[in-house]
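Asks: Take a look at the letters that make up each chain.
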Amino acid sequence: MTNEETKKIALDSLKDAILNYDTEEAQKAAQAIVDQGVDPKVAINEAVLGASTTLHERFERGECFIPHLVMAGDAMEAAGKVLESAIPKEQITSKKVVVIGTVEADLHSVGKNIVAMFFRSGGFEVHDMGVNVKAGSFISKAVDTNADIIALSSLLTTTRPYMREVIEEMESVGVRDKFKVIVGGGPITPEWAEEIGADGYGTDAYEGIEVAKKLLGIS
Amino acid sequence: MISLLDIAERTQKGRKMPEDAWNMSLFRKISELVKRYEIPNYTKDTPFLNLDDDLPERAFHAGVDLLVEHGVYCITTGRVVELSRDEVLGVVRESPKEILVGTGKDARVMKQRKVEGKEPLNFCPGHHTPFTQDLAPIVVKNFAQIPRTDFIEGFNFTEVDGHEIFGAPIEAYASRRQVSWMREGVRKAGRPGLSIVLYPITTRAEVLTAAIDPVDGLRSGDGILTSVLPDEKIEHDLLATAIAGEDCGLWRISGSFSMVGGFCGGADGAIVEGIAKPLTAMICYRAFVNYTGVENVSTVSALSIPLQPLNWARSVVNQTLNRFTNTICMAWIIPTSGPGTESNLLEVAFRTIEATINGANLYAPRHSRARMNAGQTPVEAEFMVEVSDATLAAGLDRQRGGELLSRLTQKLEGRQPEPGFTIQECYDLVNHRPSPDYERIHQQVKEQLTELGLVFP
Amino acid sequence: MISLLDIADRAQKGPKMDENVWNMGLFRKMNELTEKYHLHYPKDNPVFNCDNALADRAFMAAVDFLIETGIYCISTGRVIQLTRNEVLNTIKGMPKQFAVGEGKDVRILKQRRIEEKEELNHCPGHHAPFTEELAPLIIKSFAEIPSADYLEGINFSEVDGREIFGLPLEVYAGKREASWLRQGVAKAGRPGMAVAYYPINTRAAVMIAPIAREVGLRPSDGILLSVLPDVKVEQDYLTTAIVWEEYGGFKLNGNGSGFVGGFCGGLGGAIIEAIVATLTGWIVYRDILCWGGVLSSSAFASTKEIPTNPTDVWAASVWAQALHRHTNYIIFMATGSHSGPGCETQLLELAFRAISIPINGSNVHISRQFRARMNASQSPLDAEWLYEVSTAVMKAGLDRHSAGDLLLKIGEKLKGKAPEAPYHDIREFYDLVHHKPLPNYEKAYLKVKEEISTLGLIFD
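Chains as they are written, first to last, in our numbering: chain A, 44 to 262; chain B, 1066 to 1522; chain C, 7 to 466.
Everything labelled a hint here was simulated from the structure, so no lab data went into it.
This one's a predicted model, so the numbers in the text were calculated from it and none came from an experiment.
Do not rely on the hints blindly, as some may be mistaken.
Listed below are the simulated PhoX-like cross-link pairs for lysine-lysine, each with C-alpha atoms no more than 20 Å apart in a straight line [what the hints assert, rightly or not]:
| id | chain 1 | residue 1 | chain 2 | residue 2 |
| --- | --- | --- | --- | --- |
| 1 | A | Lys184 | A | Lys132 |
| 2 | C | Lys193 | C | Lys442 |
| 3 | A | Lys177 | C | Lys22 |
| 4 | A | Lys177 | C | Lys193 |
| 5 | C | Lys415 | C | Lys401 |
| 6 | A | Lys71 | A | Lys124 |
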């Protein structure tokens, strides 16, 4: 077997383990990749993030569900830790961090959960604040976690203004430029996003992730 | 029946659990119950609507077991509300099969229907959608004038008296305004006693209860929307509102459908959650009227027109609820296309035929991704009644109804949702009739349905 | 008159400010205004203020504060800013009197004159904690007091045998309180008597839930919506105010007060804050009644000595006079005691406080131990005694000078005394069934009454 073939088998094993939501197997496969001397960065890009694309497609087709994204995310995280330990510190690109939640006075969560899972399975570090989250809490969390993105969801027309409040609060405490803000949800439109000074808007989870990646300069 | 104060106490004292852990545990439990009770998944050979009369009983036990073995989660306190089998079955047994809503000559009886039942359905024509303040009283009047209306739900708006609705104080004010406009609208329609259901401006308890006032606001015979959250979750603001409403004679309605793709899993798991949720609503909020069934995320985000396996799953859920509980089921009809379009009316027809056969009542057809003033018009609501009456007149059962729906599916397959029009663009609110273009579309859709086998009296 | 919706808007959109910055800013502004308007205790050590010009200056200082500094919303961390016209026009909108209650039990609450000689309005109880099983009887007992015009609600920690914990049960408890109040007044043969809801807690939902025309709070009833110390307001209160405004109930401010030693600084600052807090209650919540005054923080919190400092009495009189001369505000004085009910010391304390009431143009408010204890903070006799003394002061035709002398004499009796609280339950010193004190308490009452008589105050 050639080196290329060996490498392909190793990467496929990792990808399969993730797509089978098997954290233990994913860890073993990641370790095998490291032991074989395969470039861990290649493994992250091809196997881990590759699995993520497949998962999102499966979700869209209704072949997997949110819990599967959670389990896949666990497997990805476990594999990621093993792979990153083999990358010299100065070469590690830290994960992009997202703080996500439904704004104050709004309890809707389904869309937000899906976006959160997509981010996680897309290789982001995700902090899901839940629902009915006050502006200050989003910002504190973003500061504490050194976030890249604050993602806001609202499903009631009357709770949209709380998205604006988050942005205004960011300005008043001088952190507006530190985080990108993306917004989404039933009553949210691109016009609203522009009106409140958000950096991006997604019609749905797929679009949201793409917008986030574009804002952060990630392919 | 377990009291709401007992529920309140358990939310404070039940065992603590992080929400992430609850979510995954729910998924595992539902997966286990699906296996235990052999809840099948939909295949291309499955009939359009469920014809397996043994399945609802198994599904019922799965739903009860979910509550008994897993409980309900309070997101406010991060604690699990545990329930005994006796408590769950007690509510199943003792909850009413019918409730009186409204007052005086406009009082109506909301009742549980039978699968393939022959009696006319209860009907809420609107709203649960946003309208601007200037349109409010006339829109409400238009919907309340529809003769078969049994109750009417409120609507959302973003400004009141020139102020943006932002912050609890103005939200509470807006909540009172909503009901007072509703009250004015039903009076203008000559139906002063028609039951009004508050649609939350926001879900803060003070905003919900601010609207309670027997003279100018919600009174005994009116209702409030207090929905069980996805993944078997409840919450303190809604529970406090239920307790306050209980005291004042307000009835509660809960959005109790499950979502395929969520933590319940696929259609099989969504069936189990779809049965457990209305029971949860009855136990925790005393909500005896529920929008029931199964949806998908793409339904509510208007990305694509939802078809199987949702239709089949919904029929299982409704059959189960109607045979084994006293739940008064409402079908939540949420077309993915906006009003004034052929797609919208076809989707409304589709879901209405299904609801009529499934033993559900009819609930406000509104665009799933409603835009301001563009969520619905009275046409879709009246059309719903027309289709339902035709379905009853045709004596459609699950088999024949399923065949009709299969044929109708072909008209919907491949269509992309259309945004539709604002109410002012496609409807004459002064004279209570559709625009000529919309009326033409309405008649065309009726012709199409007639060609498919549904005859309108 | 600025609307409550405008206030709500400004609470959401006003300039942001850290609360610590607000507090220190308040301190500096109060000091500045104290000096600008020369609000210092006069050298002749009066008990009651006799300088009308000083009262006028205190009012001007308060208006300046509102215009130059504003009001702070702690929910949003923003400042509500007001113009001079808005403040003055809104103040003009206050009614001088209004009706509470229904039917034969309607009462008119009105602004009094300084050195008032007419019968005063009276709220005899509660704002105190009682257990659930005592509640209806307690309420009935207080409602039976002939001079009672309205009653305030009670607090309690259990309802239907359950601990009141968490919003759902708090809402339920709020509704229960309102229904017990209604039952209690009905049992006293005064079904139309107004009741003022005492919040179980200050969540808006808990304050709104008891609204229920037939069995709870009616439009002729009221609610306590207080301005917070340091001129702060809050959204749960504002939400409740907006709902109540439309409903029609009256609102009262339980904190038209300044605390010497707080962020307002010294005596001058405390006077200004007390006036500002009273005005804020009207502007932000439409509080139509207020109880307040000026107290020393240390004296208020004292457990070792009963404070009888004449400077506090003087400062409270400046507050009252400023409001009387420039607004229509209907005020009640803060008339609690450091001692618990049932003993001579408490009755003497209440007599001390009662002197100020008619002199300051105030009405008679709840007498209860400041550090309220479950079932042991007040009794109908304390309330009746407070009213008795106030009435005697009026009938004696006392003015600011002669009342001051009397007050000092009573103060001498209290000097050096530590607060006492000999009882743990009202039933130990008061017969709730027959609406009378038990013998020991009656003895103490008669003794104190005799003592006060020897000081020159004649009772009927």
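Asks: Each hint: holds or not?
Replies: Verification of the supplied hints:
Between Lys184/A and Lys132/A, the direct Cα distance comes to roughly 25 Å. Violation of the 20 Å bound is thereby established for this hinted pair. Under the criterion of a C-alpha separation no larger than 20 Å, the hint pairing Lys193/C with Lys442/C is consistent with the structure, at around 17 Å. A C-alpha spacing of about 16 Å is found between Lys177/A and Lys22/C, which places the hinted pair at or below 20 Å, so the restraint holds. For the suggested pair Lys177/A and Lys193/C, the alpha carbons sit about 46 Å apart, so the restraint of at most 20 Å is broken.
At roughly 19 Å between alpha-carbon atoms, Lys415/C and Lys401/C fall within 20 Å of each other, so this suggested pair holds. A threshold of 20 Å between alpha carbons decides the hint, and for Lys71/A with Lys124/A the separation of about 12 Å falls inside it, so the pair holds.
The structure does not agree with the numbered hints 1 and 4 stated previously, though it agrees with the rest.
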